[in-house]
Every structure is written in structure tokens, then in C-alpha cells.
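Engineer: Now for the letters of each chain:
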Amino acid sequence: MLRVIILLAASAPLVASAEECYSVDSSSGSVSFEVQQAGSPFRGKFRQFGGEVCLSQDRATRIDVWLDPASVQSGTPEIDAALKEKEFFAVDQFPRVAYTSKSVDVRGSTQLVHGTLQVKGKRHDVDVPFEVSRKGGTPIVSGTLKLNRLDYGLGTGEWSNTKWLGGEVSVELKAALSAK
Amino acid sequence: MAHLRNTKESYGIISQALHWFVAVLVLTQLGLGLYAANLPVSLARLQWLSRHKSLGLTILALMILRLAWRSMNQAPTLPDSMPHWERRAATTTHWLLYVLLILAPFAGWLHASAAGLSANWFGFFQVPDLVSRNPELSDWFKQAHRICVALLALLLAGHIGAALRHAFALRDGVLYRMLPWKPWRTT
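Residue numbers (numbering that gives the first Met the number 0), protein chains in the order written: chain A, 0 to 179; chain B, 0 to 186.
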């Protein structure tokens with residue numbers, strides 16, 4: 000009897016922290032951004048992204064995601080082409096944007112993920128408020144972050160002018176996770 | 000004497016002011032649009048196209064004012080010396096100019112809206128979008144904008160040419176109707 004109790008007590012934390020990892024797929028999510036151009040919001044998205052999100056009881060334990068900056072789509076082909084050039088993403092040299100979590104703080108229904116964002120060879124610590132919901136059993140994660148594009152060299156030379164092209168970029172991510 | 004409203008003989012100062020103000024803006028706008036449209040994606044293109052949008056919206060607003068004022072005022076009569084077909088051509092040209100000066104900025108506004116490149120009027124306020132983003136529609140409106148502008152340029156050439164002919168060849172006083180002073184009347 001005592002052994003059973005000890006066994007149960009010992010395994011309880013294991014059950015509670017059972018981590019499940021899922022994959023993030025471009026086909027079941029979206030990554031969009033918004034920046035001010037000439038005082039008006041300008042929006043676009045990235046069509047290719049992926050990675051892994053691990054959850055434990057719907058709390059994020061690990062996030063490791065990437066996106067392909069060459070998949071940027073704003074609706075205007077000339078602008079997309081310019082965004083791939085060296086003044087912006089320099090996709091030939093830096094084909095990946097990556098975000099990796101370091102730790103997660105839980106605050107009510109929101110989780111604050113502390114992690115590192117790497118864009119164009121530059122790394123900065125970025126906190127992402129993160130939410131996990133369920134739709135028919137499938138976990139859906141979403142998050143938003145704001146960043147200063149100049150921290151990552153997004154817009155060099157004349158494009159470092161933030162009066163005409165805003166410095167702050169907000170990014171919205173949403174993805175339905177699929178079991179690995 | 001200067002008069003606010005139009006008379007049988009000439010346009011009033013309100014009509015004249017609107018006409019010449021819009022004339023200067025439209026010529027500026029044509030140059031600006033042509034210049035900016037041929038720039039590669041750059042800060043200069045962003046800046047000039049933004050100003051182009053603001054100016055276009057100004058022209059649109061002024062044209063609506065002009066049409067409203069025109070609807071409350073008669074146009075001065077044309078001289079009896081003009082053949083019937085010329086009078087018809089003049090009246091038709093004037094109305095087509097009104098229509099195109101509304102349609103060209105309107106198509107431009109639709110193009111910017113559909114392209115997701117909304118306007119902000121000279122940095123003072125955000126201009127609402129007319130349609131939601133749609134790249135195909137955006138291309139369509141861009142073509143419509145270009146066609147309107149091409150027709151407008153043709154009609155303007157005719158309009159200016161005719162005004163100069165009235166002033167210097169016919170000397171029938173038709174141009175004076177739109178001028179606040181009468182420089183050649185006494186000679």
C-alpha cells in the first residue's frame with residue numbers, strides 16, 4: 000500500500016508535465032506583419048514557415064519556429080522583390096528568420112515567451128505574448144510581437160528613414176498545430 | 000468689375016479661382032504622376048507617390064466643389080461668331096473634362112486602396128480605403144487610372160489649344176471670360 004502511494008506521488012508530477020510536441024505548418028496558419036508607409040498601415044504576410052511547439056497542458060514549454068523571408072507577399076510584386084533585396088531581408092545571404100524560446104512565464108490565459116529572434120544575422124531577445132486555445136482537440140497557438148526593424152537591419156540606407164517607413168513592425172502569428 | 004457669380008458675359012471670381020487653382024494642380028499632378036510612376040521601388044517613389052495621392056484627393060474635392068458651384072451658376076454664353084459645331088465641341092469637352100477630373104483621381108484612389116497602399120493626406124489624416132485589398136482589382140484600377148489620365152491629357156491639349164486660338168487667332172474674347180483682368184480687350 001505504501002509503495003503504491005509513493006509510486007503515485009512520484010509519477011504525478013511526471014503526468015502533469017507530460018510534454019507533447021507539435022509541428023507548425025504553413026498550410027494551417029499565418030504570419031502577417033504591419034508597418035506604417037507614408038502614415039498609413041501597410042500589411043503583408045509570409046507564406047512559408049514552420050517549426051516545433053511543445054506544450055504541456057496547453058502551456059508552451061518550447062518554441063522553435065522559422066520562416067522563409069523570400070516567401071513575403073504584400074500584393075505588389077515590385078515591393079515583394081524589393082523586400083528580398085539586401086536593403087531588407089537579403090534573402091540570398093540570410094534565407095531564414097528564426098525564433099527560439101528560452102523560458103515561458105504564465106500569466107492567466109496569456110503566456111509570455113522569452114526568446115531570441117534572429118533576422119538577417121542579428122539576434123535580439125524578444126518577448127512574445129502567446130495564447131493557446133483548442134478547436135476540436137487541435138491546439139491553436141497565436142501570438143503578436145512588435146519589433147523595431149532597424150534593430151535587425153531591415154531597411155538600410157535611405158530606408159532607415161522612419162518618417163516614411165515606420166520603425167515599428169507588428170507581427171501576428173497564428174497556427175493550428177499538428178501532432179508529430 | 001469682379002463678381003462672385005457667373006454672368007452671361009464671364010465667369011465669376013469663384014469659378015475663375017477654382018478653374019485656375021485646379022489647372023495648376025492638375026498640371027503639377029500630371030508631371031508628378033509621370034515622374035513617380037517611372038521610379039523604381041525607392042524612398043523617392045514612396046514620397047512622390049504619397050504626395051501624388053494627396054494632391055489627387057485635393058483635386059477630387061475641388062472638382063466636387065466646382066461641379067456644385069457650376070450647378071448653381073449658368074456658364075457664360077459663347078459668341079454668335081462661333082459655328083454651331085464649335086460650340087457643341089466646347090460644351091462637350093468641358094463636360095468630359097469634368098467627368099475625367101473626377102474619374103482619374105477616383106480610379107487612382109481605388110487603385111491605392113486595392114493595392115493596400117492607403118493614402119494619408121499630406122501627413123494630416125488617414126484617408127479611408129474605398130475597397131479592401133485585392134491585387135487583381137488593383138491592376139484593373141491602375142489601368143483605368145492610366146486610361147483616364149491619357150484621355151484627360153488629350154482633352155486638355157484640345158482645351159488649351161482652343162483657348163489660345165480664341166485669344167490670339169480669333170480674338171473673340173472667349174478666353175477673357177475666365178480671366179480676372181482683360182489684357183488685350185482694348186487693343
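No wet-lab data here; the hints were simulated from the structure.
Do not rely on the hints blindly, as some may be mistaken.
Computed far set for chain B versus chain A, every beta-carbon distance over 12 Å [as the list claims (entries may be wrong)]:
(1) G30
(2) V40
(3) L42
(4) L48
(5) S49
(6) L116
(7) F124
(8) K181
Heads up, simulated BS3-like pairs for lysine-lysine below, C-alpha to C-alpha not over 27 Å straight-line [claimed, not checked]:
(9) B/K141 <-> A/K83
(10) A/K121 <-> A/K44
(11) A/K83 <-> A/K134
(12) A/K121 <-> A/K85
(13) B/K7 <-> A/K44
(14) A/K162 <-> A/K179
As the structure is a computational prediction, the values presented were derived from the model and not from experiment.
No residue lacks a Cβ here, since even glycine has one placed at the ideal position from N, Cα and C.
Engineer: Does each hint hold? Answer for all of them.
Structural biologist: Here is what the structure says about each hint:
1. G30: Non-interface label on B/G30 holds, nearest chain A Cβ at 20 Å vs cutoff 12 Å.
2. V40: With a cut-off of 12 Å, B/V40 comes too close to chain A, as the shortest Cβ separation is near 4 Å.
3. L42: violated (4 Å)
4. L48: violated (8 Å)
5. S49: violated (4 Å)
6. L116: violated (7 Å)
7. F124: violated (9 Å)
8. K181: holds (44 Å)
9. B/K141 <-> A/K83: Holds: B/K141 and A/K83 sit about 24 Å apart, inside 27 Å.
10. A/K121 <-> A/K44: The hint holds at about 21 Å.
11. A/K83 <-> A/K134: Distance ~35 Å between A/K83 and A/K134 Cα, so the pair is violated.
12. A/K121 <-> A/K85: holds (14 Å)
13. B/K7 <-> A/K44: violated (60 Å)
14. A/K162 <-> A/K179: Cα-Cα ~45 Å, so violated.
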